[in-house]
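Take the two lone chains and join them into the complex the hints point to.
Line order of the protein sequences matches chains P and C.
Under our numbering, think of the first position of the first sequence as 1291, with each following residue one higher.
Under our numbering, think of the first position of the second sequence as 3, with each following residue one higher.
These aren't lab readings, by the way, just hints derived from the structure by calculation.
No false leads were slipped in.
The following label-pair restraints were derived from C-beta to C-beta distances:
hint, chain 1, residue 1, chain 2, residue 2, range
1, P, Ala-1437, C, Ala-278, 55 to 61 Å
2, C, Gly-134, P, Thr-1431, 38 to 44 Å
3, P, Arg-1364, C, Arg-20, 26 to 32 Å
No residue lacks a Cβ here, since even glycine has one placed at the ideal position from N, Cα and C.
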Amino acid sequence: MALQDADFAAYVSARIPALRRLALVLCRDWHSADDLVQATLTKLCQHWGRAAAADSTDAYVRGMLVREFLRERRSPWARRVDVTSQPPEIQAAAADLDGLMDLQAAVSTLPPRQRAVLVLRFYCDLSVDQSAAALGCTTGTIKSQTAKALATLRRDLGPEPLASVSDQTLHISPFTGKVADHG
Amino acid sequence: MVENDLRVLFGLEAEAERPPTRISIPAAGRRARIRQRRRQLVALASPVLAAAAVIGVVASGTLFGADRTARPAPSSGGTSSPATSPAKVSSPQPSGSLFNPLQIPLIFGWLPPGQHIANIGTGRAWMFINAGTAWSLGVYARGQCRLQHIPVKPGHVELSCTGGILGTGESAPVVSNAPEVKGHRAYWLGGPGPYLAWQYARGSWATLEYPTKAPAHNAAGLPSSTHSAKLAKSALAVKVADHTIPGPTAMPIRFPVQLTGVPASWQVSSTNLTPAAGILAAELYQITSGPVVLAPAGGGVPQNTPQISTIPARPLTANTTCTFSGGRPVHHVIDGYRVQTVNIPRQHLQELCAADADGLFVYIYLAGNHPALSASRIFAHLHLLGPNPANWTTKPIG
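In isolation and in its complexed conformation, chain C is listed as follows (with noise of 0.2 Å):
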């Protein structure tokens, strides 16, 4: 019987001679956390850059420097590069209604026990809070969700939102109507959830992810039955929700790097931040340059937008080590920092990372085809603050 053979066969594989194991858990890490910081950044860097600007400059070589108040070409320009041509970008929304990435328009006010805010991403479409291990309230700009008729499933509605449902799916059916929240009508949502979905504003809608995992006892101290403990859950999600304020909160965000001498129309359009002694550190932004237009729902990784993070409110360590999507790491030293660069033309892809910049672990991402632009001159153009927070800077561009 093959069937046997097969079984003897790979099974006799499995057991050939073992090499000593090259597998990393703490890369394994460390790249899961670049992974999800690019991820979040792409849902929540709808606004991309626009290409014409940014390739004017580049194609005359200076790009640092020359001329800080030149305007952005318009975004409608016809060099614009294929990820950010007009016919694959949505209708601009009015810049009225998006978010300011240096401010929080809504935040947490009451948390269960023991949960604590653990991360913030900012965005000019939308934003996100984490907090304990399964709270994420995602708040999207004006305009940016709306609900409406699943067209397969005639009768069911679904809400849509920009970026998707905490950039987890473009959608999420409705799957009954929920207590109001401050007074709104609100909504219970399937898929990838579950979730509870409110108007905070008009036209503006937030979603709260809520843990699902039942707890083995109630508050009693007896066991829960899986109905009792979902009643009790989707209770305190409405709870969560209600007692959401708005921004902007009384943290300050701060920034460890300042980026200088860059053109007057960069600007932040994303960051992620952490809570730390008193302040919300900017462990990553993005930076786009030009007009902003919204990329579609799940657009692909902007292009053009630098990305700098740098991991300021943990204590390096010895173990401290940079980790890169790929390619051979060259050594350097650009103004008395010893930093690693990698460049894979193929991909359009340079990276940048210094372990220990003045107790500082700075990371740069440069997508796209720049002829005259780099990590490296990036890095040059960064104003490091050092690790001590009081020293940090409330404006990431100079």
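Next comes chain P alone, as it looks inside the complex (with noise of 0.2 Å):
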């Protein structure tokens, strides 16, 4: 037991910034997002057998974030209270502030769902199959929810493109470490 405690807070201590980040996209404050990682570690030594003898442990560990994320927001507490009414603060040349924030502003206006299979098709660059995975459900669901969140933002934000944010954009995806271009 002892052994299996100090696999456990290895593994965590050196995971913590990258649940962190994952949970603040999904969460949108830190306070929530630390109440967030802090349940998924709770569950995480009650099956950690289970993740550690999974075939990915970072994927068992995400996907189990991503739906305490959706169960906490189907509680009666959550429905009733809303303490996410500061996104998070982004940094960005001031040409580009105005479309993020319209853009910020649409991303929160989606149903937890929608948000959630949006960070983990283009914030943990998932696969529809991996998000199927993390999620548990199937992958006809990821697909629908994907295109129903991204008709709304672009019905919300409208026929003008944002600003060019993304040329010579770089993305390091926080679990793979995989850099993208976006540009």
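Listed below in structure tokens is the structure:
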């Protein structure tokens, strides 16, 4: 048991920064993000044997965190209390900022499940199959939720393209370390 | 492209200035252990107490002390709470078919080298023994399990047990026949397992969860093939099952606290035991009052059941702290001991924790609506026996 605890602590210590970032993108404020990570770690500790034996412990934990996020959002407490009034502050060139803030506002109106799907697809850089595995749903659900979310965003943002923030932008996936050029 | 802009947005959000983290790994471990115990107890404590009995006593305001010989009201009384109403519980089993939570009915007689019993959970309907990191023996009282056809899969059979197969589900499909165990027919089960299942006595089932991770090398030092490793693990599981022996164990179950001055109907319904210095230390136990009835498999958290946990076998350190389900702890001194309590009326939940009460970590969890009963009153009726196992008792209720 002590060895298991040590393994758990070693793994979690190394992953907390990445988990906090993912939680922040989902929850949009640090307090909720830390609460979400704490709740996830408690569950992870309960099921550490299974997580450690999984093909990819990172993927297992990521799925656990996203599902915990959705579970919390479904709870009566979350439905009554909205504590995410202050989205994370983003730093970008002044020319890009307006477009990003519009997008941020539009994303904040999406239902939690659609937001979670977008985060998995475009922040974690997961494929449809991987996203479906993380959320424990079918690939069809991921596709439809993605399509609905993107349609909503396009409708909310209007026909004008966003400022060209993506030119020459490199994005490093927090889980895979893969660098993608989205320019 | 919105997709690309989303990538940029999420990336920038994730890089927002980070405040110091409030995340605590030790707290996660503590909460996980508490939850694990509760979950095990929920599964173990299928005999939930008859609410009618407790409510009757509580209403009189004399839960403690007044009538130690009071007998509980019939469980079919009209004052049952929804959680324990007759409509929600299965038919009571004959009392002779249930376990005594203070006795171990079946235990490992042999384990692979390096594997030792880690903890034991006892209850009335079933119990478990965990060994090493992956071995788990589930023992069910007579009549608690049955083989049945899977309704949606004609021709397929599953083993269904009260409280679920090792608490992970209500049933597990039979995959194939297994070699006999002690001359009894046995089966390999699928589902969350794998498990080996056999009848250790007529109508009484046992299940064994065993490790599936293949060792990198076999006994000859050669790389194992997945198939050969699987066969070896299966053979090992049969050997472990073949060497199980009926209880009681030579090791006595001892409690570091004794509950005194409570009605005679109060009884231990389940325990969580840890081997320590030749005894089985009861780190946690749950009390029920009234006639024993069985909750449906996977039923809700037992209500009106004081749950008492102590951590006597581990050295207390300055870092031993109390963790609660929520709410703001209030500090008190009860009988000279510093305790913290949390009362969450919305959830009908009370918790009490004493981080160091005569060398014991004591935690009391009380769920349910009891106007006249409190975790503090239960603590006041606990006789603390200190950290030395030589002073502990085999009678948790005095």
